[in-house]
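A.B. asks: For reference, the chains in residue letters:
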Amino acid sequence: MQVVGLGLVAAVLAVVIRHNKPEMALFLSIAVGIIIFMALLAKVGSVLDVLKELSSRANLSMVYLGTILKIVGIAYIADFGAQICRDAGEGAVASKIEFAAKILVLVLAVPIVVAVLNSLIRIVP
Amino acid sequence: MGSDINLIFKIAGVGILVAAAHWILKSAGKEDYAFITTVGGVAVVLAWVIYQLGSLFEQVKSVFKLF
Chain A
1 MQVVGLGLVA
11 AVLAVVIRHN
21 KPEMALFLSI
31 AVGIIIFMAL
41 LAKVGSVLDV
51 LKELSSRANL
61 SMVYLGTILK
71 IVGIAYIADF
81 GAQICRDAGE
91 GAVASKIEFA
101 AKILVLVLAV
111 PIVVAVLNSL
121 IRIVP
Chain B
1 MGSDINLIFK
11 IAGVGILVAA
21 AHWILKSAGK
31 EDYAFITTVG
41 GVAVVLAWVI
51 YQLGSLFEQV
61 KSVFKLF
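Residue numbers (this note's numbering), protein chains in the order written: chain A, 1 to 125; chain B, 1 to 67.
In case anyone wonders, no lab produced these hints; they're calculated from the structure. Treat the hints with care, since some could be wrong.
Some chain A residues close to chain B (C-beta under 10 Å, calculated; not the full set) [as the list claims (entries may be wrong)]:
hint	residue
1	Leu6
2	Val9
3	Ala14
4	Ile17
Each pair of labels, with its calculated beta carbon distance range [said to hold, decoys possible]:
hint	chain 1	residue 1	chain 2	residue 2	range
5	A	Asn118	B	Asn6	50 to 56 Å
6	A	Ala11	B	Phe35	24 to 30 Å
7	A	Val110	B	Lys65	15 to 21 Å
8	B	Val44	A	Glu90	20 to 26 Å
9	A	Asn20	B	Ser55	44 to 50 Å
10	A	Val15	B	Phe35	21 to 27 Å
11	B	Val39	A	Ala42	32 to 38 Å
12	B	Asn6	A	Ile123	25 to 31 Å
13	B	Ala47	A	Ala109	35 to 41 Å
Over the 12 Å line for every Cβ pair with chain B, so calculated as not near, a few chain A residues [what the hints assert, rightly or not]:
hint	residue
14	Ala42
15	Leu54
16	Arg86
17	Glu90
18	Lys102
19	Ile103
20	Val114
21	Arg122
Predicted model only: the values in this text are computed from it and were never measured. The beta-carbon is built from N, C-alpha and C at its ideal position, and this holds for glycine as well.
Just need the whole structure built from these sequences, with the hints factored in.
C.D. replies: Here's what the structure looks like:
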């Protein structure tokens, strides 16, 4: 509810400003994104706490869950930055940011892939 | 959330103010002052937004345990 109200207010203000100062409208949209993100991040944190507790109860290794959380965090930040760049009309920079995020996720996922392949080799002699 | 919406109104207010100042200075024939006003407003708002962006990244880092 609050998020929707904030978004509507910010959209109206951005439309008012965009006539004269497009760069201020860009700052406005960045600020709205940050505020909504921060409001939701606390709730995401509580969900992650529950997830961690469940994984420790299931005797899962924290390495795998930590990797997954890192991947989700990278995806969030990269998506945020890419959307702002696309908003500013810089589609090329946005796709570069997404490319970098994909590479970083791939780097983080390599240990898990290696572990899967190791267990596969052990099963299939 | 309550204090955060103040930032939105502050940015919008600075934007409108700078636009008005730009227009007045331009119609008074002081083109370079108008440009300096615009740059100053953008710098002020950029400082606020960068500060907020930094705190957002810190929070994401602590929630997802990045690095």
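A.B. asks: Let me make sure I understand: some of the numbered hints might not hold for this structure. Which ones are they, in numerical order?
C.D. replies: Per hint list: 9, 12, 14 violated.
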